[in-house]
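Undergrad: Line by line, the protein sequences are chains A and B. Going by the UniProt record's numbering, 113 is the number at position 113 of the first sequence; the sequence numbering is gapless. Going by the UniProt record's numbering, 70 is the number at position 70 of the second sequence; the sequence numbering is gapless.
The hints are simulated quantities; they were obtained by calculation from the structure and are not laboratory data. It is possible that part of the hints are untrue.
No copy is singled out in the list; a pair is fine if it fits within one copy or between any two copies.
As the list claims (entries may be wrong) - Under the rule of at most 25 Å between Cα atoms (straight-line distance), these lysine to any residue pairs were calculated in the SDA-like manner: (1) K278 to A195; (2) K96 to D229; (3) K174 to V215; (4) K174 to E214.
Number of protein chains: 2
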Amino acid sequence: MALEDPVSLAAHAALARRYRSAAPERILWNDTIAALLDHRTVRGFRPDPLSPDLVPTLVAAAQSAATSSNLQLWSVVAIEDEEKRKELARLAGGQKHIEHAPLILLFVADLARAELVADEARAPKEGFEYLESFTVAAVDAALAAQNAVIAAQSLGLGTVYIGALRNHPEEVAKLAGLPPRAAVVFGLVVGWSDATRPAAIKPRLPQSVVLHREVYDLAGQSAAISEYDRDARAFQEEQGQDPVGWRALVLARGASAAALNGRDRLKAALRALGFGLK
Amino acid sequence: MALEDPVSLAAHAALARRYRSAAPERILWNDTIAALLDHRTVRGFRPDPLSPDLVPTLVAAAQSAATSSNLQLWSVVAIEDEEKRKELARLAGGQKHIEHAPLILLFVADLARAELVADEARAPKEGFEYLESFTVAAVDAALAAQNAVIAAQSLGLGTVYIGALRNHPEEVAKLAGLPPRAAVVFGLVVGWSDATRPAAIKPRLPQSVVLHREVYDLAGQSAAISEYDRDARAFQEEQGQDPVGWRALVLARGASAAALNGRDRLKAALRALGFGLK
Chain A
1 MALEDPVSLA AHAALARRYR SAAPERILWN DTIAALLDHR TVRGFRPDPL SPDLVPTLVA
61 AAQSAATSSN LQLWSVVAIE DEEKRKELAR LAGGQKHIEH APLILLFVAD LARAELVADE
121 ARAPKEGFEY LESFTVAAVD AALAAQNAVI AAQSLGLGTV YIGALRNHPE EVAKLAGLPP
181 RAAVVFGLVV GWSDATRPAA IKPRLPQSVV LHREVYDLAG QSAAISEYDR DARAFQEEQG
241 QDPVGWRALV LARGASAAAL NGRDRLKAAL RALGFGLK
Chain B
1 MALEDPVSLA AHAALARRYR SAAPERILWN DTIAALLDHR TVRGFRPDPL SPDLVPTLVA
61 AAQSAATSSN LQLWSVVAIE DEEKRKELAR LAGGQKHIEH APLILLFVAD LARAELVADE
121 ARAPKEGFEY LESFTVAAVD AALAAQNAVI AAQSLGLGTV YIGALRNHPE EVAKLAGLPP
181 RAAVVFGLVV GWSDATRPAA IKPRLPQSVV LHREVYDLAG QSAAISEYDR DARAFQEEQG
241 QDPVGWRALV LARGASAAAL NGRDRLKAAL RALGFGLK
């Protein structure tokens, strides 16, 4: 890419927004890659209604993602009801955007459907009793959800994932009417961005930290992480947040079981919901 | 969408390929959604080399996906070495496409970097000892990987996920030189499709089975699953596969621990690799 090439200029600008001081020098470029790099998490939404065709569109995109052995061990519960959204906002630790946006998609790790198929055939279902099956279901739900995010963004909509629904898995499952052996892995809020609360592109760790060639290298990451810490601090200041840097976020999460806001109970909660997790 | 509208015709055709007899009547439509719906898993690759700019491009796309609390608990090990690809093909149960394509990206659930940060600060790291942290890492790796898939597809490349690397987590971790508290969740093979072995669009479950409005419904799924079973059988026949349908795939996976090809050991393997999974 020559720097005077407009494509190259756009790519450089996108990389500088995403990586700040540690941007890769060159990447391949097209409209899809431009859109992917431009992703930002939206937390300020207008209450404006969505097209009635939106949910089927997002689900068609989601179902078009790969799924392990075509087992399709995931489902979506689309919640538009205002009272339910208020309750989900509360269960997620007071995340008001769940209340403000008109739609939240609950992505479900779903072994219930597979067990229904087994039960109807009076067949054994031991294979679903393992941590592997929960892992497949959670990963497949994530692949599907990310396709929904890309589709929503292409339509001009904003999204934010809600992992905090795992703070209260049983209550969320009850609200969504889930049968045994199904659990919400995360939510995805979808709506029109509020232009008065614009979302920013969050800088990420340098590629030298995340990408390894042939062999993983841990020792070499520390200096680049420190460099990133400075970029993270600058970003936090721009956003009016406490400029604690990135290392501080990691330390806060690792500090104790209490730092998980109830998610230290995830295993017990999944077991209560009928997952074997052997 | 009026049916005579060419956009509408394209959307209908895409929905018919993805859903066969149970296609939704209408969806929103643009080039991005068209590309998402056109996804197909590629298993026939040409050995042709890839651009040296490809891996940084895919990783930039991957890092632009959302990540829980910006913790970035995932990494990629890019494997191009032919001997290593042969060994990975063997570990994945003889999946020759890993050997034939020039690149496999190993997506790593990575608590090692977070623990490095904690160790350097002499800080506690109890928060990472829970199933929650593995779940976050696996989900974030999946969100990232799916962005890489979309980017690769936009460049005309084919991909296939390799979940079977979980058949032998310790051996795969060793091959990739992973430190403790890191594990490969899945691989992603990337390469140029072999036009003599074209990939087909696999039909998915009807939306009435996967998408629920406000409340999940299990009892209503059975009839639509049977309808899908017919479409799945037709697809398998077209592909020269044994036309067993979809229910049979589910029953095979559920049949026994042995049906998991070693993945019934996933919990033990992750523990051996240093994950707490409390």
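Undergrad: Within a copy, between copies, both or neither: where do K174 and V215 come within 25 Å Cα-Cα?
TA: between (45 Å within a copy, 9 Å between copies)
Undergrad: Checking an output row: K96 and D229, CA cutoff 25 Å. Within, between, both or neither?
TA: neither (29 Å within a copy, 42 Å between copies)
Undergrad: Under a CA distance limit of 25 Å, which applies to K278 and A195: within one copy, between copies, both, or neither?
TA: neither (47 Å within a copy, 42 Å between copies)
Undergrad: Classify it for me, K174 with E214: is the Cα-Cα distance of at most 25 Å met within a copy, between copies, both or neither?
TA: between (45 Å within a copy, 11 Å between copies)
This entry does not satisfy hints 1 and 2, going by the numbered hints stated previously.
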